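Throw the hints in and build the complete structure from the sequences for me.
My numbering puts the first residue of the sequence shown at 3, with every later residue one more than the last.
If you are wondering where the hints come from, they were derived from the structure by calculation, not from laboratory data. Since the structure is predicted, the reported quantities are computational estimates derived from the model, not experimental observations. Wrong hints could be hidden among the right ones.
Stated by the list, open to error - Here are the computed distance ranges between Cβ atoms for each label pair:
1) SER137 / GLN29: 35 to 43 Å
2) SER59 / SER119: 24 to 32 Å
3) HIS32 / ALA97: 18 to 26 Å
4) LEU34 / GLN102: 34 to 42 Å
5) THR60 / SER121: 33 to 41 Å
6) GLY81 / TYR39: 21 to 29 Å
Beta carbons: idealized from backbone N, C-alpha and C, even for Gly.
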Amino acid sequence: DVLNYLRGKMVVQLTVKRTVDFARTIQEVHALNAEDYAFLEVNVGDLPMVAQLPGASTVFFVVNVASTPADADLVVDGGFPNAFIVEFDPPVDPAAITTQKLHPNGFRSFTYTNAASPSVSDLKALFDKGYDIVSSQNGPNGVAARQQVNTARGFSPP
Numbered sequence: 003d004v005l006n007y008l009r010g011k012m013v014v015q016l017t018v019k020r021t022v023d024f025a026r027t028i029q030e031v032h033a034l035n036a037e038d039y040a041f042l043e044v045n046v047g048d049l050p051m052v053a054q055l056p057g058a059s060t061v062f063f064v065v066n067v068a069s070t071p072a073d074a075d076l077v078v079d080g081g082f083p084n085a086f087i088v089e090f091d092p093p094v095d096p097a098a099i100t101t102q103k104l105h106p107n108g109f110r111s112f113t114y115t116n117a118a119s120p121s122v123s124d125l126k127a128l129f130d131k132g133y134d135i136v137s138s139q140n141g142p143n144g145v146a147a148r149q150q151v152n153t154a155r156g157f158s159p160p
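Below, the structure is given as structure tokens:
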């Protein structure tokens, strides 16, 4: 089982592809005591329904608003205490909403790149746009970009 294998090794985002599978996924996260290292991705339109499922109040969520930054208001203002990250599609410029809406309310911004081999500067450019978290398929360049960003932001260790 994946969740048991990951225990103590890494944090995992579970992307549930079918809305009907959220209840079972939440149940499994609880059954395996994975609440501390497994969180679920949910589309903003599904969040009100998912938040009402048994056990959802003790599972954490990254909420995908895709290319509609205004939907971040639904997440922040919607009373979903276990939502902690707002995901945007890469073309979105998150600077204003991150500093004015997300950070003051305890949220972080997330994006990804579909590039097969993004450079350190490509990834750093996403952080510099205002993203807190950037996902890529290039681990070494992602680590190097994050270290540069952490150093520039005064985080230690970088």
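Hints, verified against the model:
no., hint, verdict
1, SER137 / GLN29: 35 to 43 Å, "violated (26 Å)"
2, SER59 / SER119: 24 to 32 Å, "violated (40 Å)"
3, HIS32 / ALA97: 18 to 26 Å, "violated (37 Å)"
4, LEU34 / GLN102: 34 to 42 Å, "holds (38 Å)"
5, THR60 / SER121: 33 to 41 Å, "holds (40 Å)"
6, GLY81 / TYR39: 21 to 29 Å, "holds (25 Å)"
Figure legend: structure checked against the earlier numbered hints; hints not met, in rising order: 1, 2, 3.
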